[in-house]
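Peer 1: Residues per chain are reported as follows:
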Amino acid sequence: MTDSSATAKTIYLDYAATTPVDSAVVKVMVECLGEDGDFANPSSVHAPGVAARVRVENAREQVAGLLGARSGEIIFTSGATEADNLAIRGAGLFQVHKGRHIITSKSEHRAVLDPFKSLEKEGFEVTWLVPEDHGRVSAEQLQAALRPDTTLVSLMHVNNETGLVHDIAALGQLCRSHGVLFHVDAAQSAGKLPIDVRAMQIDMMSFSAHKIYGPKGIGALFVSREPRCNLYPVSYGGGQEQGLRPGTLATHQIAGMGLAFELAAGRMQADQQRLHELREVLWSGLQAIGGVTANGELEYSAPNILNVSFQGVEGESLLFGLDGIAVSSGSACASGSREPSYVLRSLGLDDQAAQSSLRFSLGRSTSRDDIDVVVSMLSAQVRRLRALAPDWVK
Amino acid sequence: MTDSSATAKTIYLDYAATTPVDSAVVKVMVECLGEDGDFANPSSVHAPGVAARVRVENAREQVAGLLGARSGEIIFTSGATEADNLAIRGAGLFQVHKGRHIITSKSEHRAVLDPFKSLEKEGFEVTWLVPEDHGRVSAEQLQAALRPDTTLVSLMHVNNETGLVHDIAALGQLCRSHGVLFHVDAAQSAGKLPIDVRAMQIDMMSFSAHKIYGPKGIGALFVSREPRCNLYPVSYGGGQEQGLRPGTLATHQIAGMGLAFELAAGRMQADQQRLHELREVLWSGLQAIGGVTANGELEYSAPNILNVSFQGVEGESLLFGLDGIAVSSGSACASGSREPSYVLRSLGLDDQAAQSSLRFSLGRSTSRDDIDVVVSMLSAQVRRLRALAPDWVK
Amino acid sequence: MNAPAYAQLVRQHFSRPVGAGCFEPGVPGVVQGCAGSREQGLAVQFQCRLDGEKILEARFLAWGCPHSIAGASWLAERLAGMGLVEAARITGNEVSAALDVPADKLGSILILEDALGACLENARQRHYLNE
Amino acid sequence: MNAPAYAQLVRQHFSRPVGAGCFEPGVPGVVQGCAGSREQGLAVQFQCRLDGEKILEARFLAWGCPHSIAGASWLAERLAGMGLVEAARITGNEVSAALDVPADKLGSILILEDALGACLENARQRHYLNE
Ligand SMILES: Cc1ncc(COP(=O)(O)O)c(C=O)c1O
Ligand SMILES: Cc1ncc(COP(=O)(O)O)c(C=O)c1O
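Protein chains in written order, with numbering that gives the first Met the number 0: chain A, 0 to 393; chain B, 0 to 393; chain C, 0 to 130; chain D, 0 to 130.
Same shape as in the complex, but just chain A (with noise of 0.2 Å):
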């Protein structure tokens, strides 16, 4: 149907867009999608539905198990923008008798920013905090923005663009401390950092499957229940998930989710060493070119993202000449347009610096001989490119 030849000679470093799926996952899936598997509605009461029923509930202690939660706090979505979405929408507006200020920062996700700007126009005030601290929010300066009628926080645990990683903890205490429920989005850290959503005092927590080698299409969202929080649903159904989020529940992608979410606690601390030593070769490979700059200091961002602006070079060009290597760029690739990246922006690089950035992100996949390979293309376009430029724009 395509050519896949293509796919398979390429140099996969773009693992923090989305990963494979692990084979024991696929496995598990397709357990649940042929007529001898568990393909019943898990909401069925007779014996199929049952068996279908167990799977899903199977799969909720395993997600909840890697986040120290309790599966009565999991409800399955289809992917993190929709746990954003209801995290976001539904705990800003339950609380609207309280308060109608919310706080987040400029270098979320999408998924984050927009529903922070649906409510800004329907009558919510939104502060937009700037990363500080190294390209995160403070607990100082989140504390700065506070008031009296701030009712939610939200902040992502790692960045998707910089890798950068938040002081979940540290925010956490004091939103708590301030009877402010905090919103954390992990689709980024879940399964490579450390998460406990008590000791983080998170009240919900949004995941995604399909960054640790689990299914497009399936997500989480954590809503704690000690300490209660309560949400409104942002769409509306069959009753399923605690009434929170209607639809067939997909048991192959809930039960694939579910393995993947155990097996990255498996393998967790292992994956990330190895991960940080070759982000240590290849940061120091990329330095050799000379004119690079990691966008994020290394030492506070999770080591499998590399984000580096090259000087001297066009974007597009410098991606156009790495064929065979599959990287994210420093414009918003979601919508195949030029953008420069508004999380580069935020930290400070202009729009031409934000374009000439390439997120490396390494993955179970990436070996040493792939980094050795990048460096030798890069090293090559990068000059080659930076010869072609006219001097006034070096």
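Think of the hints as simulated: they come from the structure by calculation, not from any bench. Just so you know, these numbers come straight off a predicted model, no measurement behind them. One thing to keep in mind: the hints can contain errors.
[Stated by the list, open to error] Residues of chain D clear of chain A, computed beta-carbon distances all greater than 12 Å: (1) Arg10; (2) Asn92; (3) Gln124.
[What the hints assert, rightly or not] Quick list of the computed label-pair ranges, beta carbon to beta carbon: (4) Lys97(A) / Asn229(B): 33 to 43 Å; (5) Lys97(A) / Ala4(C): 55 to 65 Å; (6) Gln268(B) / Glu338(A): 40 to 50 Å; (7) Asn229(B) / Asp148(A): 30 to 40 Å; (8) Trp127(B) / His96(A): 24 to 34 Å; (9) Ala269(B) / Arg197(A): 53 to 63 Å; (10) Glu338(A) / Glu225(B): 27 to 37 Å; (11) Gly64(A) / Glu121(B): 34 to 44 Å; (12) Thr90(D) / Ser378(A): 29 to 39 Å; (13) Phe93(A) / Trp127(B): 22 to 32 Å; (14) Gly289(B) / Arg125(C): 32 to 42 Å; (15) Gly71(A) / Lys116(B): 17 to 27 Å; (16) Ala198(B) / Arg266(A): 53 to 63 Å.
Even glycine gets a Cβ: it sits at the ideal position worked out from N, Cα and C.
Go by the hints and put chains B, C and D with the ligands onto chain A.
Peer 2: Structure of chains B, C and D with the ligands alone, referenced to chain A:
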């Protein structure tokens, strides 16, 4: 993990709740999952991303193909529930300046009823039609309900409990001639009855893959471009799906839905002919028991569904006695509660009669043998339970 | 959201109920009591064949959910051989405990108790029970 | 939502550009023109080595997207051997048509035209071109 032997031996007659996934569809899904497959993010601009995007756009054509729509009119969602929410809330709110009167019927799926209720709470006026024409809403009934400030009508194609079929073309023409948007929930009809969105003058139509041998957790909303139908999104984020439905596109789910729709197009007529014949066999067998009534006249209902009331037996015991047969009862299954079906009540049944009803829904693997086994088990159970009942409830 | 759980004993009594049916008219020493209705979700009739104060055999008819039918059968089994005074001490709690009846069905168990009570009251009226 | 599409000719010119670079200082008969900036997304310099009115060879430097670099290379290839009058007739439209430049990049093509225009203007000022 679960005891799938129970599943294997079950006679499954609950295809309207969900279907197993066709093996060719499973194959296509698997091709989009693993490391060697088209797993990349379809929004990424690199080669693996483009390969995934090709899968998505191909599926969009396949879905559009079954409906006589153009591919740009298909918005992928997480299922029919989300599609219903997007259509009803999205179009209702978009047109709020034109009017706040919207119309639906009492026998719709909760994925339609509940969004209507949510709008009612927000100040819309809803006319809840009670189907009068053999369990269906007639064009005359709808005509009488239309007002100058009516902006939206939502009526389903095939009812999920009774199989009753609305005359969508007549209702569509009426709405179009009054300049009122017409939304149709086609979760139960796609791939089973012919659909032509132009001829039927439909503005929006909801679909789900898992009712026609595709995966759960994926669906679509048809949104007409000619005439143009405008909506607000119900969730906010990355800008995918024309800004109407954010979130990373789930390639395997979408590709699976596409193939399921294409396969359905090819075999629809033959399948339905066969199921029609099997349903006749089932219905004569059940009639021979005596004291049974079909809920919804067969001539007005889709050939794959048969809903029957059994006089003189209590619903839960009837179902419990059918171990080894997977059917739905007249109680709301979604909640596992014993609420009698509001759809059957809207046909005039009392609570007990609704609860003593079973929905048989037939599908691709249903055999003549299955039907014979079911008829003989049911006769035995119904006779036994009737013998057990005191005279004064008979 | 879960399927109703049925204890093993419920399954047993439901599929092979003890004392299902009623006595032929004219059999001596039979008392009976009824309770419930279709609208209440359970309609049940108990009959006991007595020899003085002693229950020789119990029979029931029931229209209701599996727990109710199993409950009636469980009672019919227990009653056989019991004295009327002892029978009057059986509580709904015992039935629910034995059959693991879920909370939302305790109403049905009350109806079973009522029917048994009516049956014993019938015995009292017919002077089988002398207090 | 689609990846930018690059015509085959763009790929060719981008990876093996014709006339990349500039002439050594002191080479006789060289005129040059520049246009654009980093902020405009394209900065380009053209040089032509002339023999009277005839362009012997053209060279370019460019900082910009693949279409721009390919466009400069395509122009450099065409210019070689051309007369100045003929060169002045080349339009941006020809470049975009040849390389299938998407609409949102026509701004860059204008900048290429400007740079070439500046180069020819330089030739005029230095009396290579007599109109
Ligand atoms: C930080 C962050 N939040 C949210 C999302 C959206 O996740 P999903 O694709 O599951 O909707 C992503 C990835 O796309 C992400 O990186
Ligand atoms: C008529 C109808 N509408 C909507 C739905 C909901 O579909 P989904 O499970 O894809 O959300 C269903 C089935 O569950 C249905 O039968």
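Peer 1: Now, for every hint given, state plainly whether the structure supports it.
Peer 2: So, going through the hints one by one against the coordinates:
1. At roughly 8 Å, the least C-beta separation between Arg10(D) and chain A is not larger than 12 Å, which violates its mark as non-interface.
2. In this structure Asn92(D) is separated from chain A by more than 12 Å, as the shortest Cβ-Cβ distance comes to about 22 Å.
3. Even its closest Cβ contact with chain A, about 20 Å, leaves Gln124(D) beyond 12 Å, as expected for a residue assigned away from the interface.
4. Separated by about 34 Å at the C-beta atoms, Lys97(A) and Asn229(B) satisfy the suggested range of 33 to 43 Å.
5. About 40 Å separates the C-beta atoms of Lys97(A) and Ala4(C), a value inconsistent with the hinted range of 55 to 65 Å.
6. At roughly 48 Å, the beta carbons of Gln268(B) and Glu338(A) sit within the given window of 40 to 50 Å.
7. The hint said 30 to 40 Å for the Cβ distance between Asn229(B) and Asp148(A), and at roughly 35 Å that hint holds.
8. Restraint check, Trp127(B) to His96(A): a C-beta distance of roughly 30 Å satisfies the suggested window 24 to 34 Å.
9. For Ala269(B) and Arg197(A), the hinted distance range of 53 to 63 Å is satisfied, since their beta carbons lie about 57 Å from each other.
10. Checked against the hint of 27 to 37 Å, the pair Glu338(A) and Glu225(B) passes, with Cβ atoms roughly 30 Å apart.
11. Range check, Gly64(A) to Glu121(B): Cβ separation about 39 Å, and the 34 to 44 Å hint holds.
12. Roughly 38 Å separates the CB atoms of Thr90(D) and Ser378(A), a value that falls within the hinted 29 to 39 Å.
13. Separation of Phe93(A) from Trp127(B) is about 27 Å and conforms to the stated range, judged on CB atoms against 22 to 32 Å.
14. Take Gly289(B) and Arg125(C): their Cβ atoms lie about 38 Å apart, and the range 32 to 42 Å holds.
15. Separation of Gly71(A) from Lys116(B) is about 26 Å and conforms to the stated range, judged on CB atoms against 17 to 27 Å.
16. Between Ala198(B) and Arg266(A) the beta carbons are some 55 Å apart, a value that agrees with the proposed interval 53 to 63 Å.
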